[in-house]
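Participant: Take a look at the letters that make up each chain.
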Amino acid sequence: MRLDLDGLKKDPPESIPAIERRQFLKMGLVVTGVFAGGTVLSLISNIQRVFASPEEFKEKYPYTPHYSMVIRQNRCIDCERCLEACRRTNHVPPYGYRTAILERTIPDAIGQKREFIPVLCMQCNNPPCVRACPTRASYKHRGNGIIMIDSKKCVGCKACMVACPYNARYFNEEKRAIDKCNFCFDTRLSKGERLTACAAACPTGARTFGDLSDPSSDVYRMVHQIERPVWVLRAEVGTRPNVFYMKA
Amino acid sequence: MKFIVSRKRMSVTGDKKVCDEARQEDLTPLDYRTVKSLEEAKKKVWYKDWLKGGVNHREEDGMVVCDKKEKSRQWVVEINSLEELLEFQDKYGAIMITNSIPYKEVKKEITIL
Amino acid sequence: MADEIRTSKISAIGGLARSFNSALFSDIYSTLIGFLSGTRSFYIILSLGVLTVFVASISGLDAMRIGYRHAYNITREIPWGIIISTYIFFVVTSTGLCIVSSIGHVFGIKDFMPIVNRAVFLAVVTIFAGFSVIFFDIENPFRMAIYNALSPNLRSNLWWMGTLYGAYMFFMAIEFILLLLKNHRFATYAGLAGLISGVAAHSNLGAIFGMLHSREFWYGPYMPIYFIASAVMSGGAAIIFFTWIGYKVNNEKMDAPMERAIEVVSKLTAFMIAVILFFTAWKVVTGLVGSPPKREVIKAMLVGPYAANFWGFEIIIGMILPFAILLGTGFRNVNMSFLASVLMIIGIFFMRYDLVVEGQIVPVFHELGVNEYRGLLHYLPSLHEIMIITGGMGIVASAFLIGERVFNGHKSEGH
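Residue numbers (this note's numbering), protein chains in the order written: chain X, 1 to 248; chain R, 1 to 113; chain Z, 1 to 415.
What the hints contain is simulated information worked out from the structure, not anything from laboratory work.
Keep in mind that the hints are not guaranteed to be accurate.
Heads up, simulated SDA-like pairs for lysine to any residue below, C-alpha to C-alpha not over 20 Å straight-line [claimed, not checked]:
#1 Lys71(R) <-> Glu25(R)
#2 Lys283(Z) <-> Asp354(Z)
#3 Lys69(R) <-> Glu25(R)
#4 Lys152(X) <-> Ser41(Z)
#5 Lys8(R) <-> Val264(Z)
#6 Lys8(R) <-> Lys110(Z)
#7 Lys48(R) <-> Glu25(R)
#8 Lys36(R) <-> Ser41(Z)
#9 Lys108(R) <-> Asp354(Z)
To list a few chain Z residues with every Cβ distance to chain X over 12 Å, as calculated [to be verified]:
#10 Gly38
#11 Leu46
#12 Ile177
#13 Phe209
#14 His213
#15 Leu277
#16 Leu368
#17 Leu383
Where a beta carbon is used, it is the ideal one built from N, C-alpha and C, also for glycine.
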């Protein structure tokens, strides 16, 4: 990318030609001013726009690896191979689920009228379930930020189920404990696999799994671009999820 | 005439002297039960306790009553004339005269507000 | 003019009071009361109470055997049902009994003294009933005992609530024993410890709901405050209710200090009804302009599936009628205060049920507009759940009746 900085003379950012400004935006930077005859260019990062709260950006990513998933919503075709893979990998009983695909119909939409929204545990940075648990059976893994369950400590009070803004939890009778998505940590990640079962099974690439603390990863690049909007579900709750949504 | 004397705000331990004139006395509580006759009382669930707990079982005012064996220690003042009562009121300010818990010896209570 | 209106109002309710004692009622009334204290009948009622506890235990064990998912109508979306709401009902009552009795016993206000012993006894009984009920809702109750101590989460309101209520039950039991031993000095200390732990525990119970930021209907500082205020209201109602029945069981004549105690408790209760009405009004009004999920709940409450519960039980039976009765009789008619307390206890039971269930009826993904969660969720208790909560009531009823016999009408010092 080439920028003609010498051509910039005046102070107000409005004076920067639109085409140049767009180039900056693609780099994730916002032009706030041009000073001293164009020799000083003021730029701030634009990344925080896509996060649930500004604090998250400041804290950057507290975990390494900082596991995350980006769901490209428009790619989901509801084939449910992810659900099947999840059930098989994590021994999810028929009465429960760790991940689901929701369906939204918009009758007055032009063209396609249906879309699918895969949901799972959002592995929040500010998890209400962990605060609710009386015995620390639910906890956030110090290393990778996954919300885990220590089954033997679970008393089954179901407070975390009520606390969860994403309906991600159910009581597993075989484990006698709450069960939920843990990004296949015990069944795949800890055994050297790079992807969760659902991400590996997805034929359309709707689910991208990766490490948000690694700038070369796909998830990092998807979250840190600004050409297409990235959002999280129920941002108003302030849970700061690590599962992001976009259409691409 | 004897009055039980108390204060609106009580010492919860109940051992503090309520006023200068007060002295402690063991009083006999009356145990009234709202049945008409002793016959009827015999059928009741409380009858044995009531019988054992008191003496002089009798019918009175359409109820049955007995004097409890277990005495109750209360602060009592003796006031025998209206003048004495007014003097007491002058000394302690607002007072309230009410029916007390029924005792054999005392029926009224003075509460110093 | 205003006086005339007031007098006519009072006489209208006074008329109601008279008819409560008049020919039509008096037969049923005296039969009922006679029944309550008659030897054989007393034991029949007691056995009925014990029987419900027995049936409830069987139901509870059966539910454990087949799994709560099958036995109860709770779901992934509505994990807390009538068992939780009944637990709250019992502990609200217990905390209320503790608070109201502490006015007499801890703070030494003489008017409240006559009700203290019975109230403290019932506080222990109702909290025990609450624990017994919730025992059958927690999937692994025995783990709770272990990991509550070994792995506490100090940020969890649930942990604080459980731990503080444990301490509360202990202090209240100690207080009752000391009252029986007539050791009033130490009973007062135990009462104060019970009061502090009870209020802390109960506001934490409110905070369990108030700190769930994903549930709009509950979230905010309202819940802990509301819980304490409604505890005093419930406690007042429970004291009037049980004292009145206690006197009927023992056929005792209510003496002047006791009548005065019922009068002041009635006044306090009426005042608390007004407070809760005020709270409820503002909860509704603020909810109407709140976020969409909250508006959905308020709509369900006012005109939707919960309207009958809200207007019929919570507002009219639980608050407006008792308030009118108490005010209309000038707090001095013990029988009418009892009637008000019966209505209140029924209404308050529904208040707790609605509070717990309504908070969960709007699906978390409601606003996402997905087909799965367009409408409101539904919950109705199953037979197992109903049996278990009936057992909780059976515990209170039997323990109360046994208490009246064993402790001989809960006579306290100076009473």
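Participant: Determine which of the earlier numbered hints do not hold for this structure and return their numbers in increasing order.
Facilitator: Numbers 4, 7, 9, 13, 14, 16, in rising order.
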